[in-house]
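K.L.:
If you read the sequences in order, they're chains A and B. Add 1 to the 1-based position in the first sequence for my numbering, that's all there is to it. Add 17 to the 1-based position in the second sequence for my numbering, that's all there is to it.
Heads up, a few of these hints could be off.
[What the hints assert, rightly or not] Output of the computed footprint for chain B on chain A, the stretches with three or more beta carbons under 8 Å from beta carbons of chain B:
| hint | segment |
| --- | --- |
| 1 | 29 to 38 |
| 2 | 128 to 142 |
| 3 | 231 to 245 |
| 4 | 352 to 364 |
| 5 | 386 to 395 |
Source of the hints: derived by calculation from the structure; they are not laboratory data. Just so you know, these numbers come straight off a predicted model, no measurement behind them. Positions of the beta carbon are idealized from the N, C-alpha and C atoms, including for glycine.
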Amino acid sequence: MKQLVIAVAACVVLAGAIAFSRNPSVGGFVVVQESRNPWTHSKLNTAPEQFQFAIVSDRTGGHRAKIFSQAVQRLNLLQPEFVVSVGDLIEGGRKPRDKIEAEWKEFDSYVNQLTMPFFYVPGNHDVGNDGIDAIWQERYGRRWYHFVYKNVLFLILNTDDRSGGAGVPSLGNEQLAYAKKVLADNKDVRWTIVLLHKPIWTAPNLEKRGWTDIEKALANRPYTVFCGHVHRYQKFVRQGRNYYQLATTGGGSRLRGIEYGEFDHIAWVTMKNDGPVIANVMLNSIYPDDLKEPESNEEGLLIKKLPTHPVRITVYHDGVPLAGAFVSLSPQGLLGKLVRGGQADGITAGDGSFVPSSYGAFDGVPAGKYLVTARKAGQTIPKDPKANPVILEIPEGGGDFTVNLPR
Amino acid sequence: MRRILLGLCALLLLSAAIGWSRQRANRPDLDFALEKQNPVTHLKLNNAPDLFRFAIVSDRTGGHRARIFSQAVEQLNLLQPEFVVSVGDLIEGYTESKEQVLREWREFQNYTSRLQMPFFYVPGNHDITNLMMETVWREKFGRSYYEILYKDVLLLVLNSEDPPRKGTSNISPEQLAWLKKTLQANDKVRWTLVFLHKPMWIMSDLETNGWLEVEKLLAGRKYTVFAGHVHRYQKFVRQGQNYYMLATTGGISKLRGIEYGEFDHITWVTMKKDGPVIANVMLEGIVREDLSKIYSEEEGVAQYLRRPTTPVKGKVTYQGKPLAGAIVTFHPLSKDPGFVRADALTNAEGTFQLSTYKANDGAIPGEFAVTVELRKPLFTPEGKAGPNQLPTQFASADKTPLRVTVKREEATIDLNLQD
Numbered sequence: 002m003k004q005l006v007i008a009v010a011a012c013v014v015l016a017g018a019i020a021f022s023r024n025p026s027v028g029g030f031v032v033v034q035e036s037r038n039p040w041t042h043s044k045l046n047t048a049p050e051q052f053q054f055a056i057v058s059d060r061t062g063g064h065r066a067k068i069f070s071q072a073v074q075r076l077n078l079l080q081p082e083f084v085v086s087v088g089d090l091i092e093g094g095r096k097p098r099d100k101i102e103a104e105w106k107e108f109d110s111y112v113n114q115l116t117m118p119f120f121y122v123p124g125n126h127d128v129g130n131d132g133i134d135a136i137w138q139e140r141y142g143r144r145w146y147h148f149v150y151k152n153v154l155f156l157i158l159n160t161d162d163r164s165g166g167a168g169v170p171s172l173g174n175e176q177l178a179y180a181k182k183v184l185a186d187n188k189d190v191r192w193t194i195v196l197l198h199k200p201i202w203t204a205p206n207l208e209k210r211g212w213t214d215i216e217k218a219l220a221n222r223p224y225t226v227f228c229g230h231v232h233r234y235q236k237f238v239r240q241g242r243n244y245y246q247l248a249t250t251g252g253g254s255r256l257r258g259i260e261y262g263e264f265d266h267i268a269w270v271t272m273k274n275d276g277p278v279i280a281n282v283m284l285n286s287i288y289p290d291d292l293k294e295p296e297s298n299e300e301g302l303l304i305k306k307l308p309t310h311p312v313r314i315t316v317y318h319d320g321v322p323l324a325g326a327f328v329s330l331s332p333q334g335l336l337g338k339l340v341r342g343g344q345a346d347g348i349t350a351g352d353g354s355f356v357p358s359s360y361g362a363f364d365g366v367p368a369g370k371y372l373v374t375a376r377k378a379g380q381t382i383p384k385d386p387k388a389n390p391v392i393l394e395i396p397e398g399g400g401d402f403t404v405n406l407p408r
Numbered sequence: 018m019r020r021i022l023l024g025l026c027a028l029l030l031l032s033a034a035i036g037w038s039r040q041r042a043n044r045p046d047l048d049f050a051l052e053k054q055n056p057v058t059h060l061k062l063n064n065a066p067d068l069f070r071f072a073i074v075s076d077r078t079g080g081h082r083a084r085i086f087s088q089a090v091e092q093l094n095l096l097q098p099e100f101v102v103s104v105g106d107l108i109e110g111y112t113e114s115k116e117q118v119l120r121e122w123r124e125f126q127n128y129t130s131r132l133q134m135p136f137f138y139v140p141g142n143h144d145i146t147n148l149m150m151e152t153v154w155r156e157k158f159g160r161s162y163y164e165i166l167y168k169d170v171l172l173l174v175l176n177s178e179d180p181p182r183k184g185t186s187n188i189s190p191e192q193l194a195w196l197k198k199t200l201q202a203n204d205k206v207r208w209t210l211v212f213l214h215k216p217m218w219i220m221s222d223l224e225t226n227g228w229l230e231v232e233k234l235l236a237g238r239k240y241t242v243f244a245g246h247v248h249r250y251q252k253f254v255r256q257g258q259n260y261y262m263l264a265t266t267g268g269i270s271k272l273r274g275i276e277y278g279e280f281d282h283i284t285w286v287t288m289k290k291d292g293p294v295i296a297n298v299m300l301e302g303i304v305r306e307d308l309s310k311i312y313s314e315e316e317g318v319a320q321y322l323r324r325p326t327t328p329v330k331g332k333v334t335y336q337g338k339p340l341a342g343a344i345v346t347f348h349p350l351s352k353d354p355g356f357v358r359a360d361a362l363t364n365a366e367g368t369f370q371l372s373t374y375k376a377n378d379g380a381i382p383g384e385f386a387v388t389v390e391l392r393k394p395l396f397t398p399e400g401k402a403g404p405n406q407l408p409t410q411f412a413s414a415d416k417t418p419l420r421v422t423v424k425r426e427e428a429t430i431d432l433n434l435q436d
């Protein structure tokens with residue numbers, strides 16, 4: 002009898018322990034089910050392995066006032082579990098140490114307001130020369146690292162690896178060895194998220210840059226890649242996997258909207274059992290409960306701008322309107338340094354016309370001479386712009402212009 | 018010996034069970050190697066076991082616009098809340114035809130069935146317009162008021178049309194009795210969330226519609242109220258608690274933006290230990306991973322009887338000074354119901370642009386009596402219009418000395434008010 006009691010007691014305790022482990026003290030979901038119910042079904046979208054995180058993008062190249070710091074407040078409204086980045090967090094560059102330190106202090110003062118962790122990822126503005134690379138090392142340690150959360154591997158790479166030579170995106174041998182080891186050590190994770198700054202796969206000579214090796218090591222697992230750098234949103238598919246080049250979170254942009262992939266946003270990622278679900282949420286669509294814009298004293302970087310003039314240009318190719326082409330106006334002479342990204346540009350409508358943008362959306366161009374080139378379906382028009390340069394002169398006051406691009 | 022063996026066995030099993038449950042509970046969800054310096058601010062993930070995230074959709078009636086609500090369904094699937102709640106006015110209703118009502122529900126349920134998470138129905142005046150529609154609701158959904166308990170938070174769905182067409186809104190004695198019992202049974206929950214269609218606290222029959230009893234029953238607990246109906250976003254504070262009147266998720270709206278509280282949105286709620294964190298996310302800002310447009314076959318309600326409008330702008334001065342934040346309303350003198358009023362708020366410079374059907378579309382050409390009010394605040398925390406700072410004659414369509422004619426061409430109409 003006594004042994005039975007002990008066994009029963011043990012069983013009860015056992016059952017209790019199991020029940021406890023299954024049923025966290027917070028309580029579950031309780032509804033009274035009747036024959037008809039005012040809900041579609043009661044399978045809540047929740048699972049122990051499911052989680053939500055957010056990704057912020059570039060904040061450099063003449064970052065605009067208030068945007069990133071307001072994004073921090075907006076992330077606090079959306080409440081992801083954590084926030085990751087894709088680099089270019091401070092303007093950086095070749096500046097005295099105290100200036101760089103001040104930029105990091107400013108940046109840290111924003112991300113420290115997040116009510117969840119923020120993971121730093123280095124970009125060329127953050128670690129692009131020996132001086133700031135050393136400062137990163139002092140402040141944040143590793144430039145490449147990994148973590149595993151709920152069986153998802155996050156692999157953070159540094160596309161400005163100093164050992165690979167300055168300026169070109171590449172992964173040095175030490176970093177490659179680390180990445181391969183991490184991937185080998187975490188073979189059975191359910192998904193892998195790769196975060197890096199530059200879309201290294203758009204550069205030539207991928208073997209030399211180490212990217213071929215990384216893709217080889219990634220080949221037999223489900224994964225997704227996020228990068229930044231270009232300030233223009235674009236989705237790529239390689240090895241049957243999605244690669245996202247994010248737009249900006251305050252970085253320099255003409256902000257021409259969805260069509261141009263130019264917008265301030267965060268990527269909202271829900272890691273489900275069978276992979277990530279991604280929403281791009283525009284920053285200017287997230288408001289607090291009182292609809293007031295979050296307060297911010299972030300000053301941004303003032304960019305020297307020349308006055309622009311309203312311009313509409315109709316582009317013909319061999320005498321036919323050139324529709325759906327990406328047309329670049331490259332300023333000639335000194336002007337080149339003062340137009341964002343060294344060119345004004347736009348996409349032509351059905352009639353071949355477009356309004357170019359220099360600093361902001363559809364703001365026209367400064368007066369001066371421009372070399373006109375176009376790209377459509379991967380082809381450059383004209384084929385050899387140096388042999389057949391088409392030069393357009395925009396006078397003060399702007400106006401409507403027509404150009405004909407030869408083959 | 019056998020006894021001991023059995024006991025040992027049981028103990029072993031027990032400790033294994035405890036160890037297993039511990040191991041599962043303590044297994045580091047986050048595996049991150051900390052060094053002296055780290056590329057992370059801290060490692061306190063925002064993932065408490067009692068935290069949950071859900072979304073609220075708002076009105077889809079009054080001549081709902083094509084493609085908006087159904088698009089919101091897909092956008093919710095992109096954001097992935099745990100569940101979705103509404104605040105009523107899901108179908109157009111206002112008909113005696115059961116066939117029509119069933120058709121409208123079929124269409125609506127076609128959209129909600131695409132949600133990857135549960136959708137909780139809340140009745141509005143368009144959903145339960147009359148006794149026939151009340152019966153249809155009961156046949157389709159059963160209860161029109163109910164409770165949900167999730168992670169120690171009580172969610173209460175109320176029916177402000179109980180019964181339909183009694184006053185401007187009504188909560189029946191039976192519903193009040195249910196509420197009382199439910200609140201008593203859940204007196205220790207960490208938070209209570211109330212969802213209902215009409216913001217009953219701003220209704221003219223507040224004294225009799227049952228809301229004051231609801232508030233008496235809620236008093237003393239931490240709660241938040243979400244309503245719809247007005248198609249204009251506003252935050253109220255009553256009994257020290259936040260009450261939200263949401264804007265639209267496809268319902269008729271001039272869509273004049275944040276300043277007017279007129280926008281299509283979802284409300285994203287994160288229920289934390291110490292209360293809800295609320296984000297309003299504009300629908301147009303939720304975009305697919307490939308940036309492609311969201312397709313939908315939702316037709317909306319065609320707008321008949323709409324008369325052409327002509328753009329009207331102007332400037333308001335009082336005693337010669339520009340008047341900022343004033344409400345300008347053009348009341349048509351024509352008794353023809355096709356003539357509808359136009360309104361605007363003046364900006365910091367005192368200038369305004371009228372809207373009749375949608376943002377800045379102007380006014381229908383004709384004769385108007387113009388009222389101007391300066392209410393500070395625009396609405397009080399109790400939901401009443403704030404006190405008017407201008408002479409009362411300008412606030413009355415009958416008494417105002419301001420009479421204007423809008424012709425068929427674009428007009429600038431300046432209003433110079435003098436005592």
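K.L.:
Against which earlier hints does the structure fall short, listed by number upward?
P.N.:
4, 5
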